[in-house]
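Here are the chains, one letter per residue:
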Amino acid sequence: MLLLAGGVSLCALLPLGFIAWIAIETGWQTAFSLIWRPRVGELLVNTLLLELCTLPPAILLAVALAWLTERSDMPGAKFLSWLAVAPLAVPAFVQSYAWVSLLPRFHGLPAAVLVSVLAYLPFLYLPVAAQIRRLDPELEHVAASLGQTPLRVFSRVVLPQLRLAICGGSLLVGLHLLAEYGLYAMIRFDTFTTAIIDQFQSSYNGPAANMLAGVLVLSCFGLIALEWLLRGSARYARLGSGAPRPAPRQRLGNWRLPALALPLAFAVLSLGVPALTLTHWLLASGDDVWRQGALAASLAETLGYAAAGACAAAAAALPMAWLSVRAPGRATRFLESCHSYLGALPGVVIALALVTVTVRVALPLYQTVATVVFAYVLMFLPRALVGLRAGIAQVPVELERAAAALGRSPARALLAVTLPLAAPGVAAAMALVAMGVATELTATLLLAPNGTRTLATEFWALTSELDYAKAAPYAVLMILLSLPMTALLHAQARRSLGA
Amino acid sequence: MTQLVISDVSKRYGATAALDRVSLAVEVGSRVAIVGPSGSGKTTLLRVIAGFEAPDTGTVTLDGQVLADGLAIAPAHRRRIGYVAQDGALFPHLDVAGNLGFGIPRNEPDRAARLRELMELVELDAAMLTRRPHELSGGQQQRVALARALARKPALMLLDEPFSALDTGLRESVRQAVARVLAKAGITTILVTHDQGEALSFADQLAVMREGRLVQTGRPAELYWRPADVETALFLGNAALFKADIAEGIVSCGLGAFEAETGRRRGQGTIMLRPEQFQLSSVGPGLEAIVEDVTFRGGQYAVTLRTKHDGAEARFTAHVSSTEQPQLGSTVFVSVKGGPFLLPDIVA
Chain A
1 MLLLAGGVSL CALLPLGFIA WIAIETGWQT AFSLIWRPRV GELLVNTLLL
51 ELCTLPPAIL LAVALAWLTE RSDMPGAKFL SWLAVAPLAV PAFVQSYAWV
101 SLLPRFHGLP AAVLVSVLAY LPFLYLPVAA QIRRLDPELE HVAASLGQTP
151 LRVFSRVVLP QLRLAICGGS LLVGLHLLAE YGLYAMIRFD TFTTAIIDQF
201 QSSYNGPAAN MLAGVLVLSC FGLIALEWLL RGSARYARLG SGAPRPAPRQ
251 RLGNWRLPAL ALPLAFAVLS LGVPALTLTH WLLASGDDVW RQGALAASLA
301 ETLGYAAAGA CAAAAAALPM AWLSVRAPGR ATRFLESCHS YLGALPGVVI
351 ALALVTVTVR VALPLYQTVA TVVFAYVLMF LPRALVGLRA GIAQVPVELE
401 RAAAALGRSP ARALLAVTLP LAAPGVAAAM ALVAMGVATE LTATLLLAPN
451 GTRTLATEFW ALTSELDYAK AAPYAVLMIL LSLPMTALLH AQARRSLGA
Chain B
1 MTQLVISDVS KRYGATAALD RVSLAVEVGS RVAIVGPSGS GKTTLLRVIA
51 GFEAPDTGTV TLDGQVLADG LAIAPAHRRR IGYVAQDGAL FPHLDVAGNL
101 GFGIPRNEPD RAARLRELME LVELDAAMLT RRPHELSGGQ QQRVALARAL
151 ARKPALMLLD EPFSALDTGL RESVRQAVAR VLAKAGITTI LVTHDQGEAL
201 SFADQLAVMR EGRLVQTGRP AELYWRPADV ETALFLGNAA LFKADIAEGI
251 VSCGLGAFEA ETGRRRGQGT IMLRPEQFQL SSVGPGLEAI VEDVTFRGGQ
301 YAVTLRTKHD GAEARFTAHV SSTEQPQLGS TVFVSVKGGP FLLPDIVA
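Residue numbers (my numbering), protein chains in the order written: chain A, 1 to 499; chain B, 1 to 348.
Just so you know, the hints here were simulated from the structure itself, not pulled from any lab data.
This structure is a prediction, so every number in the text was calculated from the model and none was measured.
Don't take every hint at face value.
As the list claims (entries may be wrong) - Selected chain A positions facing chain B (Cβ under 7 Å, derived; list incomplete): (1) Glu-138; (2) Leu-139; (3) His-141; (4) Val-142; (5) Ala-144; (6) Leu-146; (7) Gln-148; (8) Thr-149; (9) Pro-160; (10) Ser-337; (11) Pro-484.
Stated by the list, open to error - Computed beta-carbon distance windows for the label pairs: (12) Lys-243(B) with Ala-491(A): 55 to 61 Å; (13) Val-397(A) with Lys-243(B): 40 to 46 Å; (14) Ser-322(B) with Ala-393(A): 56 to 62 Å; (15) Glu-135(B) with Val-397(A): 27 to 33 Å; (16) Glu-135(B) with Thr-279(A): 54 to 60 Å.
What the hints assert, rightly or not - Pulled from the structure, derived: some chain B residues nowhere near chain A, Cβ distances all over 10 Å: (17) Glu-27; (18) Ala-89; (19) Gly-139; (20) Ala-149; (21) Thr-168; (22) Leu-234; (23) Ser-252; (24) Asp-310; (25) Gln-327.
Glycine included, C-beta positions come from ideal geometry on N, C-alpha and C.
Model the full assembly from the supplied sequences, consistent with the hints where possible.
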C-alpha cells in the first residue's frame with residue numbers, strides 16, 4: 001500500500017516538477033523578461049481586482065443567507081437553503097453564457113464579479129451555514145445574560161466563530177476565480193487562465209504560456225498562505241461533552257416577509273436567469289436542437305470519460321485513503337499532502353504540464369484518451385481522496401477485529417464488514433468525480449484527441465460560433481448531470497452535522 | 001424578603017406541557033435547587049427565568065420588576081441575571097481574560113484589577129488570565145464561567161447542571177467552592193440538577209419537579225424525611241415502602257407496629273422508612289430477618305433483608321456501617337430508629 005501510494009504521489013508531483021523544470025530550463029534571464037512585462041502586470045491587476053471585488057460581497061451575502069436560512073423564522077427556510085446551494089448545478093461557463101446571451105453587452109470587471117458571485121457563492125454558503133448550525137446556542141445565551149444586545153452578540157460571539165468557515169470558503173472561491181477559464185473567456189475578462197489558453201492556442205506550447213502558468217501557480221500558493229495567516233491557530237471547537245441543543249430561530253417579526261427578498265433575489269439571478277435564457281433558446285429553436293446527432297454522441301462520450309475518470313481516480317486514491325485511515329503518521333501525512341495539493345492547482349496548469357511531458361518525453365501518448373483520463377485523475381484526486389477516506393473511516397478497525405474474533409479470515413472480514421460499510425462513501429466519491437469530469441472544460445480543450453466531443457467542449461464550440469440556440473441542450477444536459485452532485489453535497493453538509 | 005416570584009407559569013411545546021402552572025417564591029440570599037428527572041421541565045423553568053424563552057402564560061417578577069407576563073418578556077440582556085451553563089460555555093475564541101471581561105465595559109476604570117479580583121474570588125491563579133478555555137480543566141472552566149457571570153454583579157444567579165460534566169471526585173470540591181463563592185457574594189442562586197445528592201447538599205430550599213409540575217418545595221431535610229408522594233420519596237433516595245393499617249397514632253405493617261403521626265387518617269396507607277433507619281444485630285431485640293444479598297459500597301453495606309411477620313413477607317434494603325459485614329443467608333434482628341413516615345393521601 002505504501003509503495004502504491006508513493007507511486008501515486010510521484011505522479012501527483014508531476015505538475016509541480018513541470019513548473020520547476022521549465023523555470024530552470026528557460027533560464028533566469030528569459031524567465032525574467034517573460035514575466036516582467038506590462039501584459040503580466042495587467043493580468044495581475046485584473047486578477048487582484050477580481051478577487052478583491054468578488055470575495056467581500058460574496059462573504060457578506062453568504063453570511064446573511066446562512067443566518068436567514070439557519071437561524072431565523074423566515075418562511076420556507078429549508079427550501080431557500082436548497083436554492084442557495086442549487087447554483088452549484090450550473091457550470092460557471094453556463095452561468096456566464098446565460099448572462100451574455102441575455103445582455104450581449106455585459107462585459108468586463110462588473111460582469112465578471114457578478115457572475116462569479118452567482119456561480120461560486122455556494123462554496124461559501126455551505127461551510128458558513130454548516131458552522132452556524134453547529135454553533136452552541138448556550139454561548140449566545142451567556143452573552144445575552146452578560147448584557148449584550150442581540151446585534152453585539154452577533155458581532156462578538158457568532159461572527160468570530162464563523163471565521164474558519166469564511167476563510168475556508170473564501171479560499172475555495174478564490175482558487176476557482178484563478179482557475180476558471182470558460183466563465184471569463186465568455187464575458188471577455190482577461191485573467192491568467194484565459195491568457196494562458198489564448199497564448200497556447202496562438203503560439204502552441206511556448207515558454208510564454210508556461211511562464212504565465214508559473215505566475216498563476218505562485219498566485220494560488222500566495223492565496224493559500226494568506227488564508228493560512230488569516231485563519232490563525234486559535235481553536236474554535238465547542239468545549240465540553242455532549243451535543244449542543246439546537247439553536248432557537250430568531251423571530252423576524254415585521255421583517256419576516258421583507259427578509260425573503262434577499263434569498264429570492266439571489267435565486268432569481270443565479271437560477272432564474274439561466275432558466276430563462278435556456279428556456280428562451282429551446283423554445284425559439286423548437287424540437288430540432290434535440291435531434292442533433294452530435295448531442296447523443298457527445299453525451300455518450302461524456303459519460304464514458306466520466307466513468308473512466310471516476311474509476312481511475314478512485315483506484316489511484318484508494319491506497320492513500322486506506323493508509324491515512326489505518327496507518328496515520330508523519331510519512332502518511334506527507335504523502336497525503338502530495339495528493340491534496342493538487343486541489344489548489346488550476347486545471348490549465350495540469351493540462352500544460354501533461355502537454356509538455358507527452359510532447360517531449362512520450363509523444364505517442366500526446367492527445368490520447370489515456371492522457372485526458374490521467375489529467376482527470378490528477379485534477380480530481382483530492383476530491384476522490386476525501387470521499388474514500390470518509391468511506392473507509394466508516395469502518396473502524398475494531399469492527400474488522402471483531403469479525404476476526406468471530407472466526408472470519410482477514411479477506412472474508414473485508415468482504416463481509418469493510419466493503420458493505422465503506423461502499424456508500426466510495427460510491428459518493430466516485431459520483432462526485434464523475435460529475436466533475438462531466439462539466440470539465442479547460443483540460444479537455446487542451447488535451448483531448450482531435451474529434452473529441454464532450455458536452456462541455458461541444459457547448460464551448462457552439463457558443464464560440466455564437467450559436468446559442470444549438471448550445472442550449474448541451475447546457476441543459478450538463479445541469480441535469482450536475483444535479484445529483486448538488487444534492488449529494490447539500491446532504492453531506494447536513495449529515496456531517498447530524499442535522 | 002421575597003426576591004423572585006414565579007406565578008402560574010405554563011409553557012407548551014406542541015402537545016407536551018413543559019411547564020404546567022408552576023409557582024415558586026425565592027427569598028433574598030437563598031440557595032434553591034430545582035431537582036427532577038430529565039424531561040421534568042426544570043431546565044425550561046430556568047430558561048424562562050433567564051429570559052431565553054417566553055412562557056405561554058404566567059408572570060416572573062424580580063425585585064418587584066415584572067420580567068415576563070405571558071409572551072411579553074424583558075430581553076435576557078436587560079435582566080441582571082447571571083447564568084452558568086452545563087459545561088461552562090466559555091467563548092472558545094477568547095482567552096480567560098476576554099471571557100471574564102466580556103460583560104464589563106471596555107472603558108471601565110480598574111478593569112485589570114477587577115479581573116484579578118474575580119480570579120481570586122473563584123480561587124484561580126491570575127496567571128491563567130492569558131490561557132485559552134481549552135487549556136483549562138473542566139473544574140477550572142466552570143470556575144471561570146462562574147466568575148464571568150459574577151463580574152456583572154447579578155441580582156440572581158442561575159446554574160444549569162454546572163457540575164454534571166465533571167468527574168465524580170472533582171464534582172464535590174467544585175460544588176463546595178461554588179457554594180462558598182456565592183455565599184460570600186451574597187447572591188440569590190437557583191441550581192437546576194437531576195442529581196438528588198447534589199441538590200440536597202447544595203440548597204437551603206429544594207423544589208422537586210415532575211412532568212412540568214412543581215410537586216413539593218421546602219427545606220432539603222424536610223423533603224427527604226417527609227416527601228409528598230411515593231415518586232418523590234424514591235427520587236430523593238432509597239426508601240422502603242410498606243402498606244400499613246392506620247390506627248390513632250399507630251401504623252402496623254409487615255415489620256410490626258410503630259408510632260407515627262396519623263392525624264385523622266384511618267384505614268390503609270403507605271409508610272416510608274429510609275435504609276439508614278434500620279439497625280441490625282445478631283442477638284436482638286427486633287424482628288427476625290434473613291440476609292438475602294449484601295453489596296459493598298465503601299462506607300456502608302447495602303443489605304437486602306427478608307422478613308416474615310404475621311404470615312406476611314416483606315423485602316427491603318438496609319444501609320449498615322461497613323465495619324461489620326453481615327453474612328449472606330444468616331439470620332439477623334432488625335430494629336427501627338425513628339418513626340416511619342405516613343405518606344399523605346396514598347390509598348393502598
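These are the hints, each one checked on the structure:
1. Interface restraint check: Glu-138(A) against chain B, minimum CB-CB distance 4 Å, threshold 7 Å, status holds.
2. The interface hint given for Leu-139(A) holds, since its Cβ lies 5 Å from the closest Cβ of chain B, which is under the 7 Å cut-off.
3. With 7 Å as the threshold, the beta carbon of His-141(A) comes within range of chain B, its nearest partner Cβ sitting at about 5 Å, so the hint holds.
4. Interface restraint check: Val-142(A) against chain B, minimum CB-CB distance 5 Å, threshold 7 Å, status holds.
5. Below 7 Å, beta-carbon pairs count as interface contacts, and Ala-144(A) has one with chain B at about 4 Å; its hint therefore holds.
6. Interface restraint check: Leu-146(A) against chain B, minimum CB-CB distance 3 Å, threshold 7 Å, status holds.
7. Hint status for Gln-148(A): holds, given a least beta-carbon distance of 6 Å to chain B, under 7 Å.
8. Interface hint at Thr-149(A): satisfied, since its Cβ lies 6 Å from the closest Cβ of chain B, which is below the 7 Å cut-off.
9. Hint on Pro-160(A) holds. Least Cβ distance to chain B is approximately 4 Å, under the 7 Å limit.
10. Annotation: interface hint on Ser-337(A) violated; nearest CB of chain B at approximately 26 Å, more than 7 Å.
11. Restraint check, Pro-484(A) versus chain B: the minimum CB separation of about 35 Å is more than 7 Å; hint violated.
12. About 58 Å separates the C-beta atoms of Lys-243(B) and Ala-491(A), a value consistent with the hinted range of 55 to 61 Å.
13. Taken as a hint, the range 40 to 46 Å is violated for the pair Val-397(A) and Lys-243(B), whose Cβ atoms sit roughly 56 Å apart.
14. Look at Ser-322(B) against Ala-393(A): about 48 Å separates their beta carbons, and that is not inside 56 to 62 Å.
15. One distance hint, 27 to 33 Å for the beta-carbon pair Glu-135(B) and Val-397(A), holds here, with the actual separation near 31 Å.
16. Between Glu-135(B) and Thr-279(A) the CB atoms are about 58 Å apart, so this pair conforms to the stated range of 54 to 60 Å.
17. With a least beta-carbon separation of about 22 Å from chain A, Glu-27(B) lies farther than 10 Å from that chain, consistent with its non-interface assignment.
18. At roughly 4 Å from the closest C-beta of chain A, the C-beta of Ala-89(B) falls inside 10 Å, breaking its exclusion from the interface.
19. The beta carbon of Gly-139(B) sits about 12 Å from the closest Cβ of chain A, which is more than 10 Å, so the claim that it is off the interface holds.
20. A beta-carbon of chain A is positioned within 10 Å of the beta-carbon of Ala-149(B); the least distance is around 7 Å.
21. Thr-168(B), annotated as away from the interface, keeps every beta carbon of chain A farther than 10 Å; the closest lies near 14 Å.
22. Its beta-carbon lying about 27 Å from the closest one in chain A, Leu-234(B) satisfies the requirement of being farther than 10 Å from that chain.
23. With a least beta-carbon separation of about 49 Å from chain A, Ser-252(B) lies farther than 10 Å from that chain, consistent with its non-interface assignment.
24. The beta carbon of Asp-310(B) sits about 52 Å from the closest Cβ of chain A, which is more than 10 Å, so the claim that it is off the interface holds.
25. At roughly 41 Å, the least C-beta separation between Gln-327(B) and chain A is larger than 10 Å, which holds for a residue marked as non-interface.
Against the hints set out earlier in the document, violations occur for numbers 10, 11, 13, 14, 18, 20.
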